[in-house]
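All chains, full assembly: derive it from the sequences and hints.
2 protein chains.
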Amino acid sequence: MTEMVSDIGEFGLIKRIQTLIEKQGIRSSKVVLGLGDDTASVLTRPGYELLVTCDCLVENRHYLPGRIHPFDLGRRAVSVNISDIGAMGGVPSFALISLGLKPELPVSSIEDMYKGFLKELNPFEIPIIGGNITKVQDNTFIDITILGEVEKGRAVRRSTAKPGDLILVTGFPGRAAAGLYILIHSPFSDQLMQQPLVKAYNTPGHRAREARAIALKQMAAAMIDISDGFLGDLFHICEESKVGAVLNKEKIPLSQDLREFCLKHDKDPYDMFFQDSDDYEMIMTCRPENLNSIKKAVSDISDVPVAEVGRITGNRNEITMIEHDGKEIKLKTKGWDHFAKE
Amino acid sequence: MTEMVSDIGEFGLIKRIQTLIEKQGIRSSKVVLGLGDDTASVLTRPGYELLVTCDCLVENRHYLPGRIHPFDLGRRAVSVNISDIGAMGGVPSFALISLGLKPELPVSSIEDMYKGFLKELNPFEIPIIGGNITKVQDNTFIDITILGEVEKGRAVRRSTAKPGDLILVTGFPGRAAAGLYILIHSPFSDQLMQQPLVKAYNTPGHRAREARAIALKQMAAAMIDISDGFLGDLFHICEESKVGAVLNKEKIPLSQDLREFCLKHDKDPYDMFFQDSDDYEMIMTCRPENLNSIKKAVSDISDVPVAEVGRITGNRNEITMIEHDGKEIKLKTKGWDHFAKE
Chain A
699 MTEMVSDIGE FGLIKRIQTL IEKQGIRSSK VVLGLGDDTA SVLTRPGYEL LVTCDCLVEN
759 RHYLPGRIHP FDLGRRAVSV NISDIGAMGG VPSFALISLG LKPELPVSSI EDMYKGFLKE
819 LNPFEIPIIG GNITKVQDNT FIDITILGEV EKGRAVRRST AKPGDLILVT GFPGRAAAGL
879 YILIHSPFSD QLMQQPLVKA YNTPGHRARE ARAIALKQMA AAMIDISDGF LGDLFHICEE
939 SKVGAVLNKE KIPLSQDLRE FCLKHDKDPY DMFFQDSDDY EMIMTCRPEN LNSIKKAVSD
999 ISDVPVAEVG RITGNRNEIT MIEHDGKEIK LKTKGWDHFA KE
Chain B
699 MTEMVSDIGE FGLIKRIQTL IEKQGIRSSK VVLGLGDDTA SVLTRPGYEL LVTCDCLVEN
759 RHYLPGRIHP FDLGRRAVSV NISDIGAMGG VPSFALISLG LKPELPVSSI EDMYKGFLKE
819 LNPFEIPIIG GNITKVQDNT FIDITILGEV EKGRAVRRST AKPGDLILVT GFPGRAAAGL
879 YILIHSPFSD QLMQQPLVKA YNTPGHRARE ARAIALKQMA AAMIDISDGF LGDLFHICEE
939 SKVGAVLNKE KIPLSQDLRE FCLKHDKDPY DMFFQDSDDY EMIMTCRPEN LNSIKKAVSD
999 ISDVPVAEVG RITGNRNEIT MIEHDGKEIK LKTKGWDHFA KE
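First to last, the sequence lines map onto chains A and B.
Just so you know, we're using our numbering here: the first sequence kicks off at 699 and counts up by one.
Just so you know, we're using our numbering here: the second sequence kicks off at 699 and counts up by one.
In this list, chains with the same sequence are indistinguishable; a pair is considered to hold if it fits within one copy or across any two.
Below, computed lysine-lysine pairings styled on DSS-like, alpha-carbon distance capped at 25 Å:
| hint | residue 1 | residue 2 |
| --- | --- | --- |
| 1 | Lys850 | Lys728 |
| 2 | Lys940 | Lys721 |
| 3 | Lys949 | Lys1025 |
| 4 | Lys860 | Lys713 |
| 5 | Lys947 | Lys1028 |
| 6 | Lys965 | Lys1030 |
| 7 | Lys860 | Lys993 |
| 8 | Lys713 | Lys800 |
| 9 | Lys940 | Lys713 |
| 10 | Lys1030 | Lys713 |
| 11 | Lys897 | Lys965 |
| 12 | Lys860 | Lys947 |
| 13 | Lys949 | Lys962 |
These are calculated hints, taken from the structure and not from any lab test.
Here is the structure:
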């Protein structure tokens, strides 16, 4: 019989998770007190700012239960937070994990989820130092807090883009949106989960290492990771920096598999690229003379492409695109609004 | 017409909340970057450990919707986290607030909840530096992360109680359980919410200041706040410290209003004191020679009583009680288990 959370109770579950973390998780001399007291206690480094972010995944809202393995869900939940620390040019250092769980979940699926957390935490030597587990009736949620650090004064913000900056983007945004479409519209199978576009949605990579390499060179003016779609997040930079942007359609990086998907499903690949695709790629801006240094900083450590797609302008909050025929059109920013009426 | 969250959308709601926080919240020079970027960035102090805790309130589980005002709910959610930092002997410094909200909530109730957060955060000069808001279908949740600090090596743990230590408790545990009983079994009214026992449940005080005063004198051996009932939390100390405890029934501090409640409802006040009452009072242990210094440290700053209720023993995980007639009985620890079968 499958062992359920309700069979072993809250304290039983916590013990099981602690054992798993002790065996497979990272131990760090920076942790004075980890799990098991009223709070965790850790050491921070002089000369560094402390970065803090938390991001929440809710069942049926940020992921589709039964259409993602618990292991992959754990990976995804950690990745989106590591991505945020990366987008500041920082290094992640500690994690806290809060779960709202239904009692009828199998214990093994919770353990698999933790293995997914560790799969993404361990390469960065991030220990899990705290969190809590509570019972929910309906939608499971996973709320992760990640702490990190960055050299004092070196955090790369959203608010520091300047007119004349180039706009760069890593990888091929839009693929996650295509993956989500496939997940919703196809009969479920294990094979489906292996499709590269589906994987781009379920277990997005992040560009924390690439962003850190760029930040170390102090070459980026502004940076953000893509969780509200390319246009939504570029708009966040524009709002915070009080600038605008002009994009060149011909320079938008569209992957071959996204183009093929769009042909097959009669979709516009540019729509996929611009709207509601949470790819966790990075958008950054830089002075034109820094372009090559940034590309080199990234190519030194990974094969993720960096594309120059446009330029920051002084036209506050206005994002336009130069079409293939040279015409300039205004783009409507929308981004992902959880509460928008559907 | 009442303005609903769905009327103004996620970004509209975030802007509204940011405005409220800017107007009524704390500004701190320790915050390099607050709300509005990929992460927050703050400065930590050399010579201090960083404390981190997060605790989650779920509708229908940790509070009863319609039986607590949003303002009080906000106070409660922050208090339980400040209590945890206090239980380490630390000082709270920064807050992150994650909410899972239903779209059909009135915007004003969210604003009231934030006013409740600020009511508890502002006296400690704690700025809200981050968080996130997401949509849920069913139960609203509030997940709060609080960061704090304590001088290096000075955190008061659960694991450091020693045989021969006295066991002390602040205030009058059991009152929150009585308040919850009243809330569940009485017709709802605004008057009901003003009953002291009901307030003890809905808006528990915390003993963070008292605990900090004790920690500064380095007089407590172990400390924990009561969120799993007195016995549940004393058992946490016993487990972590590998000790046991013997309690004196005649020394258990029962408030007059709890006694009256129990008479009226045919309940045993000791059951209320020991079991499942989340009062956020402090349990601590100390060497007998430190008792008076601890009492003085507390009485210097507040009128919260500190009662000596028993002694730590070497009988690992065994908690007994000496009855009025001198007989010693074994107590069964249970604590609050969210997933226990009902």
